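Note that the numbering used here numbers the sequence shown so that position 476 is 476, with each residue one more than the last.
Simulated from the structure, these hints should not be mistaken for lab results. Nothing here was measured: the structure is a model prediction, and the numbers come from that model. Treat the hints with care, since some could be wrong.
[Said to hold, decoys possible] Below, computed lysine-lysine pairings styled on DSSO-like, alpha-carbon distance capped at 27 Å:
id: 1; residue 1: 353; residue 2: 373
id: 2; residue 1: 529; residue 2: 400
id: 3; residue 1: 372; residue 2: 353
id: 4; residue 1: 658; residue 2: 639
id: 5; residue 1: 399; residue 2: 438
id: 6; residue 1: 391; residue 2: 343
id: 7; residue 1: 353; residue 2: 400
id: 8; residue 1: 373; residue 2: 343
id: 9; residue 1: 353; residue 2: 399
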Amino acid sequence: MLPVDYENRVYAAWLGKCIGVRFGAPLENWTYEEIRDNLGDLQWYVREDRGKIFKPDDDTSVPLIQLRAIQDYDSRSHLTAQECAETLLNYIGDHHGTFWWGGYGISSEETAYMNLISGIPAPLSGSIAMNGEILPEQIGGQIFSDIWGLVAPNQPALAADLAGTMASVSHDRNGIYGGRFIAALTAAAFSESDPRKLIEIGLEHIPSDSQYTEVVRAMLDFHAQHPEDWHAAFAHLKAHYGDHLYPGLVHIIPNAGVVILGLLYGEGDFSQTLRITNMAGWDTDCNVGNVGAIMGAAVGLEAIDYQWREPMNDLVVLASLIGTRNIMTIPQCADLICHLGRKLSGEAQSETKARYHFGYSGSTNNFIATGKKGRPIHIQQAIVEGEPSLKVSVRKLNKKGEIRVATRTYYRPSELLSNYYGAAFTPRIYPEQTVTAKLYLPTDAPQDIKAAIFVYDDNHAQSYQAQAITLTPNTWHNLTYTIPPLDDACLSQVGIVLRNVSANWTVGSFAISELDWDNTPHYSTTFAKERPETGAISQWTYLRGYWRLENGAYHGSGIGYSESYSGDIDWTDYTVSSEITPLMGDYHLINVRVQGALRSYAFGLAPDNTIALYKKNTSYQLMQKTDFTWQHGQSYRLKICAKGDEFVATIEGDEETKTIHWRDTNAPYRNGQIGLSIWNNGHTAFHWLKVVPEE
């Protein structure tokens, strides 16, 4: 069922989505008149972001969270609304990050979230019966739904069903119809590029007597009579379905009309479609993001002007509870989407790819080249000696000069254009992981060029690199570097450094075809180099609670399950150790195999002078406990080893040591992050933490 060019079309569609969101974001909630009078006929990005990283946005963050439902619920094509709801609850912080938290009864998503955590199941959580007529028909049901068309190409009915189920968690009626419509259009765009035909396909998957169908038909009819005047079409839309005619902050109907207008009058041209949609105003980033995804799938990479792509540099910053997933490149997003699309279709998976590869035409994977006594002047995707690669062109590399080509593995929130969606980051790479890369030097290069993999520690402003090797021209080289076990590090870059040790290199190039690393970390932190960031501290995200640096330790306090997370969700077998001081309350724990807010293991101090091991599957259940005398204000050393389905948890005090052995024989979690937990009105100080591989 999947098209032969599935990967490239998905990459083009997700790239189109990200371009549309970036193009529309600065104009969100502007009217057509405000855009026209202040910016004129806008052709390209408003470059408000010079020197900054483009901000995270719910239009891109939420779809990639929703998509995890396929992964977490065994790739089923018939997800339930409650499974969709639990996917959202698992990857979203409590009242921070990811969504617009505008208030209960104001934000559709926040209202649904509060309903869910209060015990109201989906789809009742998003229903008109529960939330009234206004909230369930806001735009959120539509804006995230193109992603379902990307995992169900050429299957508009399946895409519509998946999108409708997910949308029902927070929306109803027209709010659901919009999700079904956009998903069906995106799925159909893999084999149909004519906008009118695409729209007719979308209409097959929503009720013919709905108001959503009415506005779509109205725009189709107007276009048939006035096919060359989109301004007149917008005037007609505004007069009969304008934003001022509908309740709530961002109703779906006016914006649905804008999407249809952009598709019809764009006439199959990617740039023209985005420009018209953006000029119409209202919810610009959402509308332009939707048409960008649809058009990207329909017309492919070749039809996307490079002026849209170059400022993106393939980077998308996201906002979820899993910090390592908040820095992704557009090729990595496309790889994920295609992987889940193949699972959904039952097709065999393609060959495993490196984290950073250059198999998509024009992809750069957020790599940047810099020089010292060397001038890299251009980077581009190219086929080098038969391998898709990143080609770096060199203007001059003097004797003892160097060129560094690297991608980012951590950002400080201060580097972002803005952060009102609350992105927090966890490094993608850690000490003692082994990095591999593949590099090519062409025939005409000098004989004395050396290369090595390097990482950059932002906490200490220090680079670390492998022993450089001398490169042989006209040869591919496999580079390897095992990062040393560092303390209090924050690795924010990984890449390759190229050095010239003899004669000047005036004109030339070199190429990188892939870069990757394994998933075994070994590091420690005293929190001494961390700083407050996005509600917690650098390198950590949080679910709930008040997390801060205080008296040289990482402190957490709060009600309910107050938890903070770090590390990579793909880590498997490892040991976590930490020294803690319980200051108030009955529960003071460390977590392993954290797979989000709803799934993890926790071990530590428990009520009635005990230690306990818990497993969380939506809520925590006691697995095993034993007596251990503890008191507030005293320090204890906790350690938990996770290997396969076995867990060995140990506590050491000044006078006593106790150990719990337990095997999880009921669907054990085999991978996940690390975490820190304080439950039920507690306060804990965490003094240091160490992670080592469990061989």
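We went through each hint and held it up to the structure:
1. 353 - 373: It is violated: about 34 Å lies between the C-alpha atoms, which goes past 27 Å.
2. 529 - 400: violated (33 Å)
3. 372 - 353: violated (32 Å)
4. 658 - 639: holds (11 Å)
5. 399 - 438: Distance ~24 Å between residue 399 and residue 438 Cα, so the pair holds.
6. 391 - 343: Roughly 33 Å separates the two Cα atoms, so the pair is violated.
7. 353 - 400: Violated: residue 353 and residue 400 sit about 35 Å apart, past 27 Å.
8. 373 - 343: violated (49 Å)
9. 353 - 399: Judged against 27 Å, a Cα distance of about 36 Å means the pair is violated.
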